[in-house]
Amino acid sequence: MRDAFLDKLYDIAREDRRVILISNDFGAPSLDKFRADLASQFVHIGIAEQNMVDVATGLALAGKIVYMYSIGPFLPLRCYEQLRVHLGFKGFHITGVMVGAGYSYDLSGPSHHALEDIAVMNALPNMTILNASDSIMGAALARMTYENKGPKYVRFDREVFPSIYKEQNDDFSDGLTVLKDGYDLSIIATGIMVHQAFKVVEELSRHSIDAGIIDLYRIKPLNGELLLNAVKQTKCIVTIEENFLGGGIGSIIASLIADSGESIRLKRLGIPDYYFSQGGGREVLHRLCGLDVASITENILKWFKGK
Amino acid sequence: MSQTVMSELEKEAQSVRQRILEMCVNAGEGRIASAFSCTEILVALFYGGILRFDVNNLQWEGRDRFVMSKSPGVVGLYPILSDLGFFPDIELEKYCQPDGRLGPYGDNIPGIEAVWGSLGHGLGAGAGLALAAKLDQREYMTVVLLGDGECYEGSVWEAAMFAGHHELNNLVAIIDRNWICTIDFTENCLRLEPLANKWREFGWHVITIDGHSFDEIFTAFKDFRNGESGKPLMVIANTVKGKGVSSLENNPMGHIIIPTAEQLDRARGELRT
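So the sequences go chain by chain: E and Y.
Residue 0 is where the first sequence starts when you use numbering that gives the first Met the number 0, and the numbers rise one by one after that.
Residue 0 is where the second sequence starts when you use numbering that gives the first Met the number 0, and the numbers rise one by one after that.
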């Protein structure tokens, strides 16, 4: 996904010399091409995230359109105050691109797991948060972040996901997509969990539960109206996210429901308040925190049948 | 620079200190001691022809970019900027008022390219501005004013390393070396010395001056545009925190003091002489 994004960004940067890409000593095959062909538009800032955001700000002050490319969770966590002041407060047209959503860097341990970033970035005014679910979207986000002014935060998973979207339908201005209608309940997922949701839906159907899937890819600003409209049939939501429950999409949607005054049931699934550090890979971690297909299905069944 | 001009500037600096004092006393807010240590520097930059700007065209592409990283000192700049015409004098009276645009740390101030309130951002942002100038082959200089206590922030050194590596010889940083942070002398808190050596090792050309001497300030900036050194320039300006008011001068707890009653009378008297 990040290569699809960077490839498109390369095309944009070729046309518009104002586009600058900063990397905190983090690479990608598509980045090599950028560095080779557009050397004057690439800044290798080193492992210095605070300086990355400060320098990005200086470049933005001089009229540049800046992309900060980082391995998560160091953007945003290592430089959060800089993001707060330059992006949240001053609103510069700077896009932070983080690769490593959730447990992407599974074997690297909690220091490399991006579990809090949705919560902390959601706390910043002016911020747009985008969490890509396939490469078509990844590519489209390059133009979207370039054309729309203001601070953006883009999350990419490391895995190669099967395509959900079609190239010709790459208008992602709604912020969410109903991928499948459902009669009984609506699963709202983001990132890798969108793909997990497809498997869960299949399992649920064996138990005669017809679940829909909504891909929530723009977490902020939330398209509350569209979301509430999408669930008015079921009035029953399960959110699934591969990050901490605290402050994640489940919490955000809970706030939306509370503010709306509508009667909608909500079950939040995600990572509990604990840093799982066991080795063995992402599936091991999923089993530990209840995000494997079997656990998600079981949790939904218990909850849904319990009503 | 002639002696006449120097005397005029010295008088101007004194007048600026008087206006800073009254502004902060009126509002009960503002870092007077911090502003007083860099008054001569700011007067030299803005009145002395060091910085290029056009008050009638604030966005003039050829303007030098001045970054106020040492945000507590920004109140020291307000009387200067209003006097030069960057904004109306009435703003000084509206300092800290609901309908005013001037606050104790500053935001969106005409004449200042960027000021934040929190410390440690200015050098990196200045480096970004300087880098953009190189990329676009523009001739403006970027000047960043930092505090010495501010140099405790790691982000300052990240920026220092970056500027040194990229040989940003269109970037100047000035440290208002007043030897006091907020609740102690810097050398009691964390030793900054040998400060000049540190910047040299990061790839900067370093000049150390008396920050209250206009002669030395102008000498430091004599050739700053010619880019011959191939290095960013660091001017370490030794200053006295609270300069001009005896109750503030070199007072390690002076950072937040706004004189009142007898102290204020004495301060006003000292600034009149």
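Bear in mind the hints are in silico, worked out from the structure with no lab data behind them.
What you are looking at is a predicted structure, and each value in this text was computed from that prediction instead of being measured.
Even glycine gets a Cβ: it sits at the ideal position worked out from N, Cα and C.
The reader is advised that the hints may include incorrect statements.
[Claimed, not checked] The list that follows gives simulated cross-link-like pairs (lysine-lysine, BS3-like), each with its CA atoms no further than 27 Å apart:
#1 E:K165 with E:K148
#2 E:K165 with E:K89
#3 Y:K221 with Y:K10
#4 E:K89 with Y:K10
#5 E:K148 with Y:K133
#6 E:K7 with E:K148
#7 E:K89 with Y:K93
#8 Y:K133 with E:K32
[Said to hold, decoys possible] If you want the footprint, here are the derived chain Y segments under chain E, 3+ residues with CB under 8 Å:
#9 131–138
#10 148–158
Hint check:
| no. | hint | verdict |
| --- | --- | --- |
| 1 | E:K165 with E:K148 | holds, 25 Å |
| 2 | E:K165 with E:K89 | violated, 36 Å |
| 3 | Y:K221 with Y:K10 | holds, 22 Å |
| 4 | E:K89 with Y:K10 | violated, 37 Å |
| 5 | E:K148 with Y:K133 | holds, 25 Å |
| 6 | E:K7 with E:K148 | holds, 18 Å |
| 7 | E:K89 with Y:K93 | holds, 23 Å |
| 8 | Y:K133 with E:K32 | holds, 23 Å |
| 9 | 131–138 | holds (count 4) |
| 10 | 148–158 | holds (count 4) |
The structure does not agree with the numbered hints 2, 4 stated previously, though it agrees with the rest.
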